[in-house]
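Number of protein chains: 2
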Amino acid sequence: MFGDLMGMMGKLKETQEKVKATKERLNHVSLEEKSSDDLLKVTITANRKIKSIQIDDSLLADKEQLEDYLILTLNKAIERATEVNEAELAAVAKEGMPNIPGMDAFLK
Amino acid sequence: MFGDLMGMMGKLKETQEKVKATKERLNHVSLEEKSSDDLLKVTITANRKIKSIQIDDSLLADKEQLEDYLILTLNKAIERATEVNEAELAAVAKEGMPNIPGMDAFLK
Numbered sequence: 374m375f376g377d378l379m380g381m382m383g384k385l386k387e388t389q390e391k392v393k394a395t396k397e398r399l400n401h402v403s404l405e406e407k408s409s410d411d412l413l414k415v416t417i418t419a420n421r422k423i424k425s426i427q428i429d430d431s432l433l434a435d436k437e438q439l440e441d442y443l444i445l446t447l448n449k450a451i452e453r454a455t456e457v458n459e460a461e462l463a464a465v466a467k468e469g470m471p472n473i474p475g476m477d478a479f480l481k
Numbered sequence: 374m375f376g377d378l379m380g381m382m383g384k385l386k387e388t389q390e391k392v393k394a395t396k397e398r399l400n401h402v403s404l405e406e407k408s409s410d411d412l413l414k415v416t417i418t419a420n421r422k423i424k425s426i427q428i429d430d431s432l433l434a435d436k437e438q439l440e441d442y443l444i445l446t447l448n449k450a451i452e453r454a455t456e457v458n459e460a461e462l463a464a465v466a467k468e469g470m471p472n473i474p475g476m477d478a479f480l481k
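Which chain is which? The protein sequence lines are A and X, in order. With this note's numbering, letter number 96 in the first sequence gets 469, and the count goes up by one each step, no holes. With this note's numbering, letter number 92 in the second sequence gets 465, and the count goes up by one each step, no holes.
Since the hints were derived computationally from the structure, they do not count as laboratory data. Heads up, a few of these hints could be off.
A pair counts as met if it fits within one copy or between any two copies, since identical chains are not told apart.
Said to hold, decoys possible - Restricting the straight-line Cα-Cα distance to at most 27 Å, the calculated cross-link-like pairs of lysine-lysine (BS3-like) are:
hint : residue 1 : residue 2
1    : Lys407    : Lys386
2    : Lys424    : Lys391
3    : Lys414    : Lys393
4    : Lys424    : Lys393
5    : Lys396    : Lys422
6    : Lys436    : Lys407
7    : Lys424    : Lys386
8    : Lys449    : Lys384
9    : Lys384    : Lys407
10   : Lys436    : Lys396
11   : Lys384    : Lys422
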């Protein structure tokens, strides 16, 4: 029994390292999200850090429209980044999880 | 042994419900982030959904400056939302985790 526990702890430690390495790698995974008419472009990392926002001059004429464009495009970008982030981290964490039915519920 | 496993699975199911309820509640937790001069205001939920972006008219005169303001303020808003999100979900998940030393590493 004690040996099992030690084995499990070792595996968790190893997985913890992998989770950390994955988080570091996700800093260098970039996603681009554009408004349907390409007037607004957002680049974001899979760790949800915005790298660039490119606004077409024409959008500066109508502030409320620009604000709506930003909210829509940014939310899509954050959502996509979160999907990649969670999928990658769940895959790594799953490897290290003890095999208890229902445990993967924590990785959704 | 079997009884333990059933007990653990029951606890995990219960915690899964709590995680779900917490995620729902976080939709209604809003954070406001402002640029230091208050010319840009962003409201975001603790599930990282942007609810509003308010741009001062003066920022529309210089597009590059506006883009920089947006990147800085939005990244701070997303970061703060992620801190609240992860703290709340980790607290709930921890309750349901089997007591294996090192397990909490998955909740960082």
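Taking the numbered hints from earlier one at a time, note which ones the structure violates and give those numbers from smallest to largest. 1, 3, 7, 8, 9, 10, 11
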